[in-house]
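Peer 1: Given the sequences, and given the hints that come with them, work out the whole structure.
4 protein chains.
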Amino acid sequence: MLKVQIRDHAMFEWKPINVTIWNEFRVEKTNPEAGRVYPKGIHTALSDGLQPYGFRIQTATLDQPEHGLTAEVLDRTDVLIWWGHLAHEEVSDSIVNRIYEKVRQGMGLIVLHSGHYSKIFRKLMGTSCTLKWREDGKRERIWVVSPGHPIAEGIGSEYFVVQKEEMYGEFFDIPAPDELIFIGWFKGGEVFRSGCAYYRGMGKVFYFQPGHETFPTYYNKYVLHVIANAVKWAVPTTSGTEPYADNRHVEPLENTDC
Amino acid sequence: MLKVQIRDHAMFEWKPINVTIWNEFRVEKTNPEAGRVYPKGIHTALSDGLQPYGFRIQTATLDQPEHGLTAEVLDRTDVLIWWGHLAHEEVSDSIVNRIYEKVRQGMGLIVLHSGHYSKIFRKLMGTSCTLKWREDGKRERIWVVSPGHPIAEGIGSEYFVVQKEEMYGEFFDIPAPDELIFIGWFKGGEVFRSGCAYYRGMGKVFYFQPGHETFPTYYNKYVLHVIANAVKWAVPTTSGTEPYADNRHVEPLENTDC
Amino acid sequence: MLKVQIRDHAMFEWKPINVTIWNEFRVEKTNPEAGRVYPKGIHTALSDGLQPYGFRIQTATLDQPEHGLTAEVLDRTDVLIWWGHLAHEEVSDSIVNRIYEKVRQGMGLIVLHSGHYSKIFRKLMGTSCTLKWREDGKRERIWVVSPGHPIAEGIGSEYFVVQKEEMYGEFFDIPAPDELIFIGWFKGGEVFRSGCAYYRGMGKVFYFQPGHETFPTYYNKYVLHVIANAVKWAVPTTSGTEPYADNRHVEPLENTDC
Amino acid sequence: MLKVQIRDHAMFEWKPINVTIWNEFRVEKTNPEAGRVYPKGIHTALSDGLQPYGFRIQTATLDQPEHGLTAEVLDRTDVLIWWGHLAHEEVSDSIVNRIYEKVRQGMGLIVLHSGHYSKIFRKLMGTSCTLKWREDGKRERIWVVSPGHPIAEGIGSEYFVVQKEEMYGEFFDIPAPDELIFIGWFKGGEVFRSGCAYYRGMGKVFYFQPGHETFPTYYNKYVLHVIANAVKWAVPTTSGTEPYADNRHVEPLENTDC
Numbered sequence: 001m002l003k004v005q006i007r008d009h010a011m012f013e014w015k016p017i018n019v020t021i022w023n024e025f026r027v028e029k030t031n032p033e034a035g036r037v038y039p040k041g042i043h044t045a046l047s048d049g050l051q052p053y054g055f056r057i058q059t060a061t062l063d064q065p066e067h068g069l070t071a072e073v074l075d076r077t078d079v080l081i082w083w084g085h086l087a088h089e090e091v092s093d094s095i096v097n098r099i100y101e102k103v104r105q106g107m108g109l110i111v112l113h114s115g116h117y118s119k120i121f122r123k124l125m126g127t128s129c130t131l132k133w134r135e136d137g138k139r140e141r142i143w144v145v146s147p148g149h150p151i152a153e154g155i156g157s158e159y160f161v162v163q164k165e166e167m168y169g170e171f172f173d174i175p176a177p178d179e180l181i182f183i184g185w186f187k188g189g190e191v192f193r194s195g196c197a198y199y200r201g202m203g204k205v206f207y208f209q210p211g212h213e214t215f216p217t218y219y220n221k222y223v224l225h226v227i228a229n230a231v232k233w234a235v236p237t238t239s240g241t242e243p244y245a246d247n248r249h250v251e252p253l254e255n256t257d258c
Numbered sequence: 001m002l003k004v005q006i007r008d009h010a011m012f013e014w015k016p017i018n019v020t021i022w023n024e025f026r027v028e029k030t031n032p033e034a035g036r037v038y039p040k041g042i043h044t045a046l047s048d049g050l051q052p053y054g055f056r057i058q059t060a061t062l063d064q065p066e067h068g069l070t071a072e073v074l075d076r077t078d079v080l081i082w083w084g085h086l087a088h089e090e091v092s093d094s095i096v097n098r099i100y101e102k103v104r105q106g107m108g109l110i111v112l113h114s115g116h117y118s119k120i121f122r123k124l125m126g127t128s129c130t131l132k133w134r135e136d137g138k139r140e141r142i143w144v145v146s147p148g149h150p151i152a153e154g155i156g157s158e159y160f161v162v163q164k165e166e167m168y169g170e171f172f173d174i175p176a177p178d179e180l181i182f183i184g185w186f187k188g189g190e191v192f193r194s195g196c197a198y199y200r201g202m203g204k205v206f207y208f209q210p211g212h213e214t215f216p217t218y219y220n221k222y223v224l225h226v227i228a229n230a231v232k233w234a235v236p237t238t239s240g241t242e243p244y245a246d247n248r249h250v251e252p253l254e255n256t257d258c
Numbered sequence: 001m002l003k004v005q006i007r008d009h010a011m012f013e014w015k016p017i018n019v020t021i022w023n024e025f026r027v028e029k030t031n032p033e034a035g036r037v038y039p040k041g042i043h044t045a046l047s048d049g050l051q052p053y054g055f056r057i058q059t060a061t062l063d064q065p066e067h068g069l070t071a072e073v074l075d076r077t078d079v080l081i082w083w084g085h086l087a088h089e090e091v092s093d094s095i096v097n098r099i100y101e102k103v104r105q106g107m108g109l110i111v112l113h114s115g116h117y118s119k120i121f122r123k124l125m126g127t128s129c130t131l132k133w134r135e136d137g138k139r140e141r142i143w144v145v146s147p148g149h150p151i152a153e154g155i156g157s158e159y160f161v162v163q164k165e166e167m168y169g170e171f172f173d174i175p176a177p178d179e180l181i182f183i184g185w186f187k188g189g190e191v192f193r194s195g196c197a198y199y200r201g202m203g204k205v206f207y208f209q210p211g212h213e214t215f216p217t218y219y220n221k222y223v224l225h226v227i228a229n230a231v232k233w234a235v236p237t238t239s240g241t242e243p244y245a246d247n248r249h250v251e252p253l254e255n256t257d258c
Numbered sequence: 001m002l003k004v005q006i007r008d009h010a011m012f013e014w015k016p017i018n019v020t021i022w023n024e025f026r027v028e029k030t031n032p033e034a035g036r037v038y039p040k041g042i043h044t045a046l047s048d049g050l051q052p053y054g055f056r057i058q059t060a061t062l063d064q065p066e067h068g069l070t071a072e073v074l075d076r077t078d079v080l081i082w083w084g085h086l087a088h089e090e091v092s093d094s095i096v097n098r099i100y101e102k103v104r105q106g107m108g109l110i111v112l113h114s115g116h117y118s119k120i121f122r123k124l125m126g127t128s129c130t131l132k133w134r135e136d137g138k139r140e141r142i143w144v145v146s147p148g149h150p151i152a153e154g155i156g157s158e159y160f161v162v163q164k165e166e167m168y169g170e171f172f173d174i175p176a177p178d179e180l181i182f183i184g185w186f187k188g189g190e191v192f193r194s195g196c197a198y199y200r201g202m203g204k205v206f207y208f209q210p211g212h213e214t215f216p217t218y219y220n221k222y223v224l225h226v227i228a229n230a231v232k233w234a235v236p237t238t239s240g241t242e243p244y245a246d247n248r249h250v251e252p253l254e255n256t257d258c
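Residue numbers (full-length UniProt numbering), protein chains in the order written: chain C, 1 to 258; chain H, 1 to 258; chain E, 1 to 258; chain G, 1 to 258.
Pairs of lysine to aspartate or glutamate, DMTMM-like flavour, derived with a Cα cap of 20 Å: (1) G:K123 to E:D93; (2) G:K164 to H:E251; (3) C:K119 to H:D93; (4) E:K164 to G:E251; (5) E:K123 to E:D178; (6) C:K164 to H:E251; (7) G:K119 to E:D93.
Rather than coming from a laboratory, the hints here were simulated on the basis of the structure.
Peer 2: So this is what it looks like as structure tokens:
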């Protein structure tokens, strides 16, 4: 059984992590195979799978008003998880900008699988985020290359396997991750930087490769554990107030000799 | 005298580096102080200053058709140098996308000073690129923190001084540089990551802080030498063809046992 | 008042973080000024200052048997904090190797100030770790350049000030930090990468600049809060067992066609 | 045919790159298979293979006086290439320190294959440099993950294949590379960070995985081209003089108000 440990204790206040899981929720309705694997949607599977971790979870989908990501919802969100696939272009630019601003101000963002092509991920990365893909349902072997990283916590081995997964292969057009945590191996000869962590503004972003809609990836306990680790890693760090305000000099500018 | 060394020789073909210097060229006409320091525009000062390095240089400005950055010009450009200040919003989105695509395909980009707020830099960085600033004309002391980096070549000391510069201060909302080369010190108490190198797509981007329009920064031989180093670093590396095409498996996918 | 927040709750077991503070404890006895500022030693000041954070703290000093770092002590240590100055060479190689192995296996290490020249830090960095220094007692202004980083948590501003500090200046011969969190400004014109985080083996290392022995740095609440943040960041991540054992192939090596 | 391009021209002086290839040169004499593939030693194959690139090449081996790396030889060396396997412990510490000092002062170092366990590489990395290995002679597929990097220049594809290679697998206990250029795929399910670049002191270090002694890896034109690229990348950058000398303040320390 995977256990979660608390290391801090004194002078604390208990605040659960507020997680919003955003799922496009289209392909589960249009693709029978996806509908069979995720009858209530990928967001529900993720929500169920993350329950043991004690997060306060809500979900949102594309076809809700404002895609379910109203200002109130985002104000209450510590970490946003994103899964999208067929309808990236239907996400309105104003909502994308709203999410972007929240990340800049500290909200965490976890982008899963085909979310690599989402407007919000591409905006934050500044690159095309293209990659190779092949829907062959072979296994992916995900190796840990940063074993000291909190996102790798509790895996219990040097790798874990996703039994059926869609191949994603390099060259993955992303910025070099601030922290590269996983590399994936695929039977067809490809490799992929499957777990990539970034600091952006006052926020944190984690991209995680597994999650094709016709495979039961989001029931895999290792995949869920990594996502939970990433949620805890991505929680906003209250470093300070909006840092862009003051340009008055903080040291004396005495003498004009220069 | 700063010297340039050739280290390669055999089996070579001589190809000068094609540099396009893009300058907004507005403030030199509207601000008398800037006009006094750069009577023919910042682009001309840069072009003159970079002559000894043997690049093939052309210039382009905002008010030219297509901002001087036609498809033909960009096709012939190895490295684009960018200085903008007051009119970032007037750069058309289609030209920004054209530059963005060229960088993705390998073109180098050097962004100077107030260009941190340019559309192209903000698009490539994916962050707000905000910072502190103060036009006090005090000196900036630029320290080398990566002395083995080619962009730091030939400086001859641990730091160089820009006698009069506009203060830029942290927090500079950029991604952590792939390579941090310079940190700047300002009399008013601020520090700044003044030389930041990035790999984006198949291209390379270098941000360099100095260059306020009312100070003679672009006549400073150290500043010019760094820009020349950055040009040579940013030259397209012909690694391969467009890598996004083929998803056919390269290794046998024999047996369907997984 | 600085507060500590717990974000996790369910399925947890409470485990305080075991911190061992190692201090050379020589200069406090030989230098009257240092003795006046730290009458019971730097380790006692740090221990007192970190009490509110709820760590389980023990101390160790150079002149104890095995420098106080027996195998039993290190086995119980989650994070080791290190302050040394005059007697780096007196730390026995076998103890250095013992610490090195523990870090490799996951123990966290926080190296303070003049500890940059400690055998253990130099061994882990693989560089000379030289720097500039000047004992002028001017202030250091420490800027946050990674506001989303947990080590920057709770600072409440873009910078904090250490009123009197020994100047440390670049070029600091360290590997580029995996994560650069702070840059320091000094009145005499220098800058310094004052907060540097590294992943090494299965462990984590944080170097933090402030802490000259004749200044009351370790009573500064910001300095203490950063050290506490670093302790929490550096806690061992139980990613897996010793990963170096098995080289048996994990995928079928069928067919010998290659 | 792979071509080398010169991009610089004016104000240049022609200086060939001085390369010293160090090879242990033991296994070629004790293992008949290795002796068959490299009858004159790995160093000779590398020297022959690198001829077209116009470097000034000399070789050195373990059993020469001072391992062939006298002070004079190293003074004339811009980039040192290192291949070792069975006798890492026989390399004398004084020679290791001599190499270490030269790297700190700017010399480039390229470490190949089993050189990951060399004293010099382990000293520079500060980690154990352990990894998985299996001598199965299957192919390695090396993918480019930083296509804009000069070390990836001219490969002409997204990957290249080494037909027969010894598997090296993660977790490779190295610091996260400053620049990760290649990831390798192995048939048995492993992945490996096969091309890793580091800045250390004023020097540059590149680790490159291919090169088991019983396979003709060093006749592979892609492998040779990468090594040549790495040589050019690792050439000393004459940034400045020895930076550790002067601690006199460079800015006025007027007023003692702090």
